[in-house]
Amino acid sequence: MNWTLPLTVVGAAVLGLLSAFGRFSRFVADCGRALADLRTWPGLTVMQMRKLGVNSLPIALFLSAFTGIVLALQASYTFTGAIPMYFVGALVGKTMILELGPVLTGLALSGRIGANIAAELGTMRVSEQIDALETMAYNPVSYLVVPRVLAGTLMVPVIVIFANVIGIICGWFTALQMLEMSTSQFIRGLRLFYDPFDITYSVLKSCSFGFVITIVGCYQGFNTQGGAEGVGVATTRAVVIASVLILVLDAFWAATLLQQ
Amino acid sequence: MSIQLTGIHKGFGPKQILRGLDLDVEEGETVSLVGFSGAGKSVTLKHIAGLLMPDKGTVVVDGKEVPKLSRKELYQMRLEMGYVFQFAALFDSMTIGDNVAMGLRQKGGMSEKEIQDRIAESLGRVGLDGFEKRLPSELSGGQRKRAGLARAIAYRPKYLLYDEPTSGLDPVTTEVIDRLIIRMKEDLGVTSLVITHDMKSAYAISDRIAMLFEGRVVEVGTPDEIRSTKNRIVRGFVEGRPEMIEEAEAEAAEEARLASAAPARTQQDGDGHHAGRAPHRRDA
Numbered sequence: 002m003n004w005t006l007p008l009t010v011v012g013a014a015v016l017g018l019l020s021a022f023g024r025f026s027r028f029v030a031d032c033g034r035a036l037a038d039l040r041t042w043p044g045l046t047v048m049q050m051r052k053l054g055v056n057s058l059p060i061a062l063f064l065s066a067f068t069g070i071v072l073a074l075q076a077s078y079t080f081t082g083a084i085p086m087y088f089v090g091a092l093v094g095k096t097m098i099l100e101l102g103p104v105l106t107g108l109a110l111s112g113r114i115g116a117n118i119a120a121e122l123g124t125m126r127v128s129e130q131i132d133a134l135e136t137m138a139y140n141p142v143s144y145l146v147v148p149r150v151l152a153g154t155l156m157v158p159v160i161v162i163f164a165n166v167i168g169i170i171c172g173w174f175t176a177l178q179m180l181e182m183s184t185s186q187f188i189r190g191l192r193l194f195y196d197p198f199d200i201t202y203s204v205l206k207s208c209s210f211g212f213v214i215t216i217v218g219c220y221q222g223f224n225t226q227g228g229a230e231g232v233g234v235a236t237t238r239a240v241v242i243a244s245v246l247i248l249v250l251d252a253f254w255a256a257t258l259l260q261q
Numbered sequence: 006m007s008i009q010l011t012g013i014h015k016g017f018g019p020k021q022i023l024r025g026l027d028l029d030v031e032e033g034e035t036v037s038l039v040g041f042s043g044a045g046k047s048v049t050l051k052h053i054a055g056l057l058m059p060d061k062g063t064v065v066v067d068g069k070e071v072p073k074l075s076r077k078e079l080y081q082m083r084l085e086m087g088y089v090f091q092f093a094a095l096f097d098s099m100t101i102g103d104n105v106a107m108g109l110r111q112k113g114g115m116s117e118k119e120i121q122d123r124i125a126e127s128l129g130r131v132g133l134d135g136f137e138k139r140l141p142s143e144l145s146g147g148q149r150k151r152a153g154l155a156r157a158i159a160y161r162p163k164y165l166l167y168d169e170p171t172s173g174l175d176p177v178t179t180e181v182i183d184r185l186i187i188r189m190k191e192d193l194g195v196t197s198l199v200i201t202h203d204m205k206s207a208y209a210i211s212d213r214i215a216m217l218f219e220g221r222v223v224e225v226g227t228p229d230e231i232r233s234t235k236n237r238i239v240r241g242f243v244e245g246r247p248e249m250i251e252e253a254e255a256e257a258a259e260e261a262r263l264a265s266a267a268p269a270r271t272q273q274d275g276d277g278h279h280a281g282r283a284p285h286r287r288d289a
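Chains A and B, in that order, give the protein sequences. Just so you know, our numbering puts 127 at position 126 of the first sequence, and the rest follows in order with no gaps. Just so you know, our numbering puts 197 at position 192 of the second sequence, and the rest follows in order with no gaps.
This is chain A alone, in the form it adopts within the complex (with noise of 0.2 Å):
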């Protein structure tokens, strides 16, 4: 047996993981660049913002609806008996502003915004619409790229935010009829452990969400290479890597912004 393949293997894993990681950084250097065409990306940033945003707003709050409600009951399952009844408002909250609310919502939206953006600029790769762009003396990267992710990291956070409302009152319609707790239990619970950084917390991580799935969206859009087929197998990655990248990023602020 070669005693050198398994160092062969890994030395050429190692390799193909760092010129992936420079080809990426690359990309996002380019973005920062782009910043500065500012004749491109604003106007088309607004729209966006639209799109993305406004649109992806009924999933998110659908989600964040049931997450609520099962909070609420799972939370009394959990303290009957033990703990006093207006916790579960106390756990609702925290939870959902935390927690819940963020990562679910991102992904949800790793697969509605992140898939979206790769199948679109995928097929726009495809088809040589980007390389029109490019013969247009248009800078494909603020044209397309600056505007879905600057949108992406200003409503991710947006739509968290109504994701936390809505759970939150959906906990509190539920402690109300299925519970039998009054309104002044459940905002006592709310209140109990209310800390406002909370909220900046949960903004903040929504925000890294928000640039994470349209970055990578973007990059799995732009690399596309042959067909359909290059398409479909684009947009898998950008929502697999998006969701991976998440649940890394909740770990990361976690264990940096939580840490008493």
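A couple of the hints might just be wrong.
Claimed, not checked - Take a look, some chain B residues computed to stay more than 12 Å from chain A by CB distance:
1) Ser47
2) Arg123
3) Asp175
To be verified - Derived DSS-like pairs (lysine-lysine); straight-line CA-CA distance at most 30 Å:
4) B/Lys73 / A/Lys52
5) A/Lys52 / B/Lys69
6) B/Lys73 / B/Lys138
7) B/Lys235 / B/Lys205
8) B/Lys163 / B/Lys69
9) B/Lys118 / B/Lys235
10) A/Lys52 / B/Lys138
11) B/Lys138 / B/Lys163
12) B/Lys69 / B/Lys190
Calculated from the structure, these hints are not laboratory results. Don't be surprised by glycine CBs; every beta carbon is placed ideally from N, CA and C.
Position chain B against the provided structure of chain A, taking the given hints into account.
Relative to the frame of chain A, chain B by itself:
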């Protein structure tokens, strides 16, 4: 205002597409580049527009070496260049009018009224009057192609690069496009490089025709010179006779085999003055 490609080599992975391509297009001239599918014609065109960079060789447009231009200089050069894509490459999310307006808006210096007038005029030139509000998805393949052509000519470029402008079009529309290419040259003095498989079109529109084969230009001449060429690869292509090309290729392969075998024999012959003659034979 000329295009010069010198010694262009380009490969994608292990596949070598261009192997020392040389081609000049003089100011105001229309040159057609013909060749088999996959010969590297579109790759050649993309080098001129700076969409691809050569592995080796130089691309000079208007006296400027394209691979050495800064991004800003490259974009300035591209505003003097119209590119007609093989499959139109229209922006799906925009109307035809907005597609045609893209280059005009980027070039600047026109009021909205002038832009709308130019859109109508450009669409009229390709026989698409009144198509401004349509979406690309509502057009047939031929109409899309013509809309792509209208987009390329709208901002009055000095250079026009056509990637198979008439493939898939009916004979009448093909004739309309051919006349348009000729008129762009006569009216506006545009320098054009046209990639085509259609020899009838190539004869009609070209000042010169170049044949690309195995990554090199193997013949350049006026339409009459190409018609009467002795080069069997060119004749085989022009007349649609694959057996002639196969014969020429087989002969070339045999010559190459003999040429490579000769120095080896000389080496085997041994020492002294015989060995000294080997480099000469290899050159031959």
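Under the constraints set out in the numbered hints, which ones does this structure not fulfil? 1, 4, 5, 6, 9
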